[in-house]
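K.L.:
Listed below, chain by chain, are the residues.
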Amino acid sequence: MTSLLEVSDLRVTHRGSPIVDGVDFKLDRGEALGLAGESGCGKTTTALALMKLLPPALTQSGSMTLRPEGAEEPINLGRRTEAGMQLVRWRHISLVFQGAMNSLDPVQRIDAQMAEAIRLHSDQKGGKEVGRKISDLFKTVGLPVSAARRYPHELSGGQRQRVMIALALCCDPSLVIADEPTTALDVVMQAQVLQLLERLRESLGLALILISHDLGVLGETCDRIAIMYAGRIVETGPVRSVFDDPQHPYTKLLLDSLPVIGGERGLAPPIPGAPPDPGSPPEGCRFRPRCPYAKDECLADPPLREVAKGQSAACHFAPWKKWPDPRAAAAAGKKA
Amino acid sequence: MATAEPNGSLIEVRDLAIEFSARGQLARAVDGVSLDWRRGEILGVVGESGCGKSTLARAMLALVEPAAGSVSLRGQVVSGEGAGGRKGVSDLRRRVQMIFQDPYQTLNPRQRVEAIVTEPLRVQGVPEGKHDERVRRALDDVGLDPERYLGRYPHQLSGGQRQRVAIAAALVLEPEGLICDEPVSMLDASVRAQILSVLLELQKRRVLALVFITHDLSLAWSLCDRIAVMYLGRIVEQGSAVDVIERPKHPYTKALVNAVPVPEAGGGGRRELLGGELPDPTAIPPGCRFHPRCPRRFEPCDSVDPSLMPAGGRDQLAACLLHDPAQSSAAKAAADA
Numbered sequence: 096m097t098s099l100l101e102v103s104d105l106r107v108t109h110r111g112s113p114i115v116d117g118v119d120f121k122l123d124r125g126e127a128l129g130l131a132g133e134s135g136c137g138k139t140t141t142a143l144a145l146m147k148l149l150p151p152a153l154t155q156s157g158s159m160t161l162r163p164e165g166a167e168e169p170i171n172l173g174r175r176t177e178a179g180m181q182l183v184r185w186r187h188i189s190l191v192f193q194g195a196m197n198s199l200d201p202v203q204r205i206d207a208q209m210a211e212a213i214r215l216h217s218d219q220k221g222g223k224e225v226g227r228k229i230s231d232l233f234k235t236v237g238l239p240v241s242a243a244r245r246y247p248h249e250l251s252g253g254q255r256q257r258v259m260i261a262l263a264l265c266c267d268p269s270l271v272i273a274d275e276p277t278t279a280l281d282v283v284m285q286a287q288v289l290q291l292l293e294r295l296r297e298s299l300g301l302a303l304i305l306i307s308h309d310l311g312v313l314g315e316t317c318d319r320i321a322i323m324y325a326g327r328i329v330e331t332g333p334v335r336s337v338f339d340d341p342q343h344p345y346t347k348l349l350l351d352s353l354p355v356i357g358g359e360r361g362l363a364p365p366i367p368g369a370p371p372d373p374g375s376p377p378e379g380c381r382f383r384p385r386c387p388y389a390k391d392e393c394l395a396d397p398p399l400r401e402v403a404k405g406q407s408a409a410c411h412f413a414p415w416k417k418w419p420d421p422r423a424a425a426a427a428g429k430k431a
Numbered sequence: 010m011a012t013a014e015p016n017g018s019l020i021e022v023r024d025l026a027i028e029f030s031a032r033g034q035l036a037r038a039v040d041g042v043s044l045d046w047r048r049g050e051i052l053g054v055v056g057e058s059g060c061g062k063s064t065l066a067r068a069m070l071a072l073v074e075p076a077a078g079s080v081s082l083r084g085q086v087v088s089g090e091g092a093g094g095r096k097g098v099s100d101l102r103r104r105v106q107m108i109f110q111d112p113y114q115t116l117n118p119r120q121r122v123e124a125i126v127t128e129p130l131r132v133q134g135v136p137e138g139k140h141d142e143r144v145r146r147a148l149d150d151v152g153l154d155p156e157r158y159l160g161r162y163p164h165q166l167s168g169g170q171r172q173r174v175a176i177a178a179a180l181v182l183e184p185e186g187l188i189c190d191e192p193v194s195m196l197d198a199s200v201r202a203q204i205l206s207v208l209l210e211l212q213k214r215r216v217l218a219l220v221f222i223t224h225d226l227s228l229a230w231s232l233c234d235r236i237a238v239m240y241l242g243r244i245v246e247q248g249s250a251v252d253v254i255e256r257p258k259h260p261y262t263k264a265l266v267n268a269v270p271v272p273e274a275g276g277g278g279r280r281e282l283l284g285g286e287l288p289d290p291t292a293i294p295p296g297c298r299f300h301p302r303c304p305r306r307f308e309p310c311d312s313v314d315p316s317l318m319p320a321g322g323r324d325q326l327a328a329c330l331l332h333d334p335a336q337s338s339a340a341k342a343a344a345d346a
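Heads up: the sequence lines are chains A and B, in that order. Just so we're aligned: the first sequence equals residues 96 to 431 in this note's numbering. Just so we're aligned: the second sequence equals residues 10 to 346 in this note's numbering.
If you're looking for bench data, these hints aren't it; they were derived computationally from the structure. Treat the numbers as computed from the prediction; the structure is a model and nothing was measured. Treat the hints with caution; some may be incorrect.
Said to hold, decoys possible - Listed below are several chain A residues computed to face chain B (Cβ distance under 8 Å; list not exhaustive):
no., residue
1, E133
2, P151
3, Q155
4, G157
5, M180
6, L182
7, Q290
8, A363
Glycine is no exception: its CB is placed at the ideal position from the N, C-alpha and C atoms.
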């Protein structure tokens, strides 16, 4: 089976500084991929690059091929012009932005805003047709149809986020990219929205790219996960393998820093330091200055390579059979 | 003034009610809350947005006027019924400080770090000769080198550094208590761990009592000594962090714990979730305020308003009729079915 989306050597630069620095991944039909990493690691920029929605100050290169259901030929997103991209956005790929629920127009009723989007982007133009589409979409995302006649401020944050998801689905895309879709919501609402995404994926065969800094959120929703650090994917693989048996020190330390109810109480030692400035990335492995396991070999750039079945890591020392205590390793590294 | 014993209360909240008027109607944001915050203790207050946890925090600093009930500092009523006047409030605000979720909004963008951290000293009338030394010590305590940071403006700092400055400004008065309203919810995993370790380090070294207001249950579970769970203006469960989160006794706490995403692959999508949303505080449901959403409600839940009663672990309390010995076991069994 050919994949729905294939991205290879995606690069985004800002005045010569790499923001996204050679990212490759594939996404199958109906698959959910999680993109994780700290602010500034390039995960949102990657999403915007897929939609070619980057601000003009950023330049992108690399190939991105989309093979939507029913399309005769693959769509080469990399080569598409702006006019060509307008036929792709919403119809094939749609994006739910971070904080999108706050981008609804406060002085228009919800149904009026949805009708406008549906008329602009789909083939449905007639008033009745559009009205039916709106009530269908509302049912799909679990909103009462009466909510359509309301203004955004009359809905809760969770309900507004459902409206945004409904909008993203209005042209039956094969891929939805959701950037931190639950970050502004609290636990109960977050769980409801995640459950909705999961259900939509099953019932509509939707592929999903979910971007979040919250590994818990990704673990619940995704099949595969890619961990980004300083513009690169440092580890990728099936969620279960990556969580159970991480193969990059950054993934390992990130997972260890998460409190898990029922596990060990107290605070795990934080990862020291901060991610590098994209204008002056460190030589060799980008994580080297913060890595307790760094050695001289790490001055050479580690490629992302398969280290276990379906799991790849960009670390010279992978596969890791056992993780030495990070504090002891860091102390030994300093002495050497 | 009576000096409290080492394990006594720093702040006692008794039968507190806070009202706001919303669109011409009266909303009770806090509706009969009693809570002790002990000296040196880390207390977690958890609940959904709108449950009243931030309002409770503001009331603990006498930033809102209670409609009923009182707030005491080491046994002296400082706010509400029987309050002693301005002196008590000023004493409270010197001994207890607060930091907020968004350090982008709480720091004055036109002030340098030095002025931001000095301001509390000026407001509280600390002699000027001591300012420099105390400001430097506060910055040292939060892990910012005074030489490098005193002259900077907030926009020259990262999110984590801003939150450190906010903590330094809160600590410069050497308070006994620090109320942290979602202190790390806007920060990334590695920065958040750094900020939390600064707070915990200070808590141990200075015997600082902390309140964590948060909707992040795993955070509350891992760091707090005790936890109070709020729902629609009430505390519905309280007890030790381990009891409340690992063995919750109120159906609402159970639902909250269930909703926490766990960094383990799959499965989460299948569990049972709480439906609906927090009701409007201008229209609080009769009886148990949680009953319309409760998966285990039974006969009298829509008419009897339960108060906190012993349930489960030592000092664990839950406001739920399931734990009321007066309710017939037949009704409870029906709720279980």
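K.L.:
Now, for every hint given, state plainly whether the structure supports it.
P.N.:
Verification of the supplied hints:
no.	hint	in the structure
1	E133	holds, 4 Å
2	P151	violated, 24 Å
3	Q155	violated, 24 Å
4	G157	violated, 26 Å
5	M180	violated, 31 Å
6	L182	violated, 33 Å
7	Q290	holds, 6 Å
8	A363	holds, 7 Å
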